[in-house]
Amino acid sequence: MNILIFKTNIEKNLAGDISPVLNASSDIHKWSIDHEDCDKVLRVESESLSEYDVIDIVSTAGFHCEEMTW
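If you're matching positions, the sequence shown starts at 29 in the numbering used here and goes up one per residue.
These are calculated hints, taken from the structure and not from any lab test.
Note that beta-carbon positions come from the ideal geometry of N, C-alpha and C, so glycine has one too.
Hints are not guaranteed to be accurate.
Across the chosen pairs, the derived CB separations fall in these ranges [what the hints assert, rightly or not]:
no., residue 1, residue 2, range
1, Asn41, Ser76, 24 to 32 Å
2, Gly44, Trp98, 28 to 36 Å
3, Asn41, Ser78, 26 to 34 Å
4, His92, Glu64, 12 to 20 Å
5, Ala52, Trp98, 14 to 22 Å
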């Protein structure tokens, strides 16, 4: 299982807008957003999706998403 981590602009009051989009992807095993973090960190668990796939999914829903690097 791959764990992919992203910086987003998904505010807590808009999480309901992205939820159906992420839940619709059968390739996403589990996901969560840390709204307490200033980067609104999205964590995605998937065996097959790449970082680019997740960015595309989130961007298509109208949100900003970029891979977090350390």
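Now for the hints, and whether the structure bears them out:
At roughly 31 Å, the beta-carbon separation of Asn41 and Ser76 lies within the given 24 to 32 Å, and the hint holds. The supplied range of 28 to 36 Å is met by Gly44 and Trp98, whose beta-carbon atoms lie about 30 Å from each other. Separation of Asn41 from Ser78 is about 29 Å and conforms to the stated range, judged on CB atoms against 26 to 34 Å. Roughly 18 Å separates the CB atoms of His92 and Glu64, a value that falls within the hinted 12 to 20 Å.
Evaluation of the 14 to 22 Å hint for Ala52 and Trp98 yields a failure: the beta carbon distance comes to about 30 Å.
The structure is inconsistent with hint 5 alone, although it conforms to all the rest.
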